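Add chain A to chain X, keeping to what the hints say.
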Amino acid sequence: GESVGLHLPTLSVQEGDNSIINCAYSNSASDYFIWYKQESGKGPQFIIDIRSNMDKRQGQRVTVLLNKTVKHLSLQIAATQPGDSAVYFCADAIPYNQGGKLIFGQGTELSVKP
Amino acid sequence: GAGVSQSPRYKVAKRGQDVALRCDPISGHVSLFWYQQALGQGPEFLTYFQNEAQLDKSGLPSDRFFAERPEGSVSTLKIQRTQQEDSAVYLCASSFRGQGSYGYTFGSGTRLTVV
Numbered sequence: 028g029e030s031v032g033l034h035l036p037t038l039s040v041q042e043g044d045n046s047i048i049n050c051a052y053s054n055s056a057s058d059y060f061i062w063y064k065q066e067s068g069k070g071p072q073f074i075i076d077i078r079s080n081m082d083k084r085q086g087q088r089v090t091v092l093l094n095k096t097v098k099h100l101s102l103q104i105a106a107t108q109p110g111d112s113a114v115y116f117c118a119d120a121i122p123y124n125q126g127g128k129l130i131f132g133q134g135t136e137l138s139v140k141p
Numbered sequence: 017g018a019g020v021s022q023s024p025r026y027k028v029a030k031r032g033q034d035v036a037l038r039c040d041p042i043s044g045h046v047s048l049f050w051y052q053q054a055l056g057q058g059p060e061f062l063t064y065f066q067n068e069a070q071l072d073k074s075g076l077p078s079d080r081f082f083a084e085r086p087e088g089s090v091s092t093l094k095i096q097r098t099q100q101e102d103s104a105v106y107l108c109a110s111s112f113r114g115q116g117s118y119g120y121t122f123g124s125g126t127r128l129t130v131v
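So the protein sequences, as listed, match chains X and A.
Under the numbering used here, read the first sequence as residues 28 to 141, first letter to last.
Under the numbering used here, read the second sequence as residues 17 to 131, first letter to last.
Errors might be hidden in some of the hints.
In silico DSS-like links for lysine-lysine, alpha-carbon gap of 27 angstroms or less [to be verified]:
1. X:K95 to X:K83
2. X:K98 to A:K94
3. X:K69 to X:K140
4. A:K73 to A:K94
5. A:K94 to A:K30
6. A:K73 to A:K27
7. X:K98 to X:K83
8. X:K69 to A:K73
9. A:K30 to A:K73
10. X:K95 to A:K73
11. A:K27 to X:K140
12. A:K27 to A:K94
Here chain A is said to cover these stretches of chain X; the calculated rule only asks that three of the stretch's residues, wherever they fall, bring their Cβ under 8 angstroms from a Cβ of chain A [what the hints assert, rightly or not]:
13. 64-72
14. 129-137
Simulated DEER-style distance windows between Cβ atoms [claimed, not checked]:
15. A:R31 to X:G86: 43 to 51 angstroms
16. A:G44 to X:A56: 42 to 50 angstroms
17. X:D58 to A:R31: 40 to 48 angstroms
18. A:G44 to X:P36: 36 to 44 angstroms
19. A:G32 to X:K83: 50 to 58 angstroms
20. A:G88 to X:G86: 31 to 39 angstroms
21. X:S39 to A:R97: 27 to 35 angstroms
22. A:G56 to X:R88: 20 to 28 angstroms
23. X:G110 to A:G32: 37 to 45 angstroms
24. X:I47 to A:E87: 42 to 50 angstroms
25. A:V131 to X:R88: 41 to 49 angstroms
Think of the hints as simulated: they come from the structure by calculation, not from any bench.
Since we're looking at a predicted model, the values are computed, not measured.
Every residue gets a Cβ at the ideal spot worked out from N, C-alpha and C, and that includes glycine.
Bound-form chain X, shown alone:
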């Protein structure tokens, strides 16, 4: 069946460094991906998304890269701050006309050291 998985369960970085969180997906037909941040005791919060017709998309301090050849996504966070400490998930977003559900990976816990 389809799965979305992450390479590393935990990542520890120094404040001010850049962070890179990776994600692999298995469905070559996947069209749309979303990165979420989840803080303790809260629901997932949208960070950035990317469609399969793009290789890269930038937001504020975040960049998502998509490599369709190897079915791999990455989330880059520039100048990581203590407030970035959380669990990060990539999700495969099923098209709305097919139900619109999200298929999440397992998550990477990002810890930022001051």
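Structure of chain A alone, referenced to chain X:
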């Protein structure tokens, strides 16, 4: 309200007890989703409503799980005869019509512990 509201925030149930979890979506949001998140895992899809119609319940793990949204706004997830493997955080999300996965807003979840 300003966000998706879920209640209770925490629920402890004895094995075999029935529980009901409530979700108040953002006003006007047509689509509503329930997810189950086990400790250390990503959320897993349970079921989806468009207005009052339950269009997808493929993720419900057993017939002990039942969800409803009778008036197209508030939704309730009911679990009958709870078992220890039901312990998880149950997340609700809503979105505007036509957006589906896009424009999801998640609630903070209900943490269910079955003892």
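Outcome for the supplied range 40 to 48 angstroms, where the beta carbon pair is X:D58 and A:R31: Distance hint for X:D58, A:R31 holds at roughly 42 angstroms.
Would you mind confirming whether the straight-line C-alpha gap from X:K95 to A:K73 stays at or under 27 angstroms? With a Cα-Cα distance of about 30 angstroms, the restraint between X:K95 and A:K73 is violated, given a limit of 27 angstroms.
Satisfaction of the hinted span 20 to 28 angstroms by the C-beta atoms belonging to A:G56 and X:R88: Roughly 27 angstroms apart at Cβ, these two residues keep to the hinted range, so it holds.
Does the Cβ distance between X:G110 and A:G32 fall inside 37 to 45 angstroms? Cβ of X:G110 to Cβ of A:G32: about 42 angstroms, so the range 37 to 45 angstroms holds.
For A:G44 and X:A56, compare the CB-CB distance with the range 42 to 50 angstroms and indicate the outcome. 32 angstroms, violated
For the range 43 to 51 angstroms, tell me whether the beta carbons of A:R31 and X:G86 fit it or not. 45 angstroms, holds
Given the hint of 27 to 35 angstroms, check if X:S39 and A:R97 actually sit that far apart at their C-beta atoms. Since X:S39 and A:R97 have Cβ atoms about 42 angstroms apart, the given range 27 to 35 angstroms is violated.
Using the beta carbons of X:I47 and A:E87, state whether their distance is inside 42 to 50 angstroms or not. 46 angstroms, holds
Can the restraint linking A:K73 and A:K27 be considered satisfied, given a maximum Cα separation of 27 angstroms? 23 angstroms, holds
Hey, A:K27 versus A:K94, does the alpha-carbon distance stay inside 27 angstroms? 13 angstroms, holds
Is the Cα-Cα distance between X:K98 and X:K83 27 angstroms or less? 14 angstroms, holds
Does the Cβ-Cβ separation between A:G88 and X:G86 fall within 31 to 39 angstroms? Holds, since A:G88 and X:G86 (Cβ atoms, about 33 angstroms apart) stay within the stated range.
This entry does not satisfy hints 2, 10, 11, 16, 21, going by the numbered hints stated previously.
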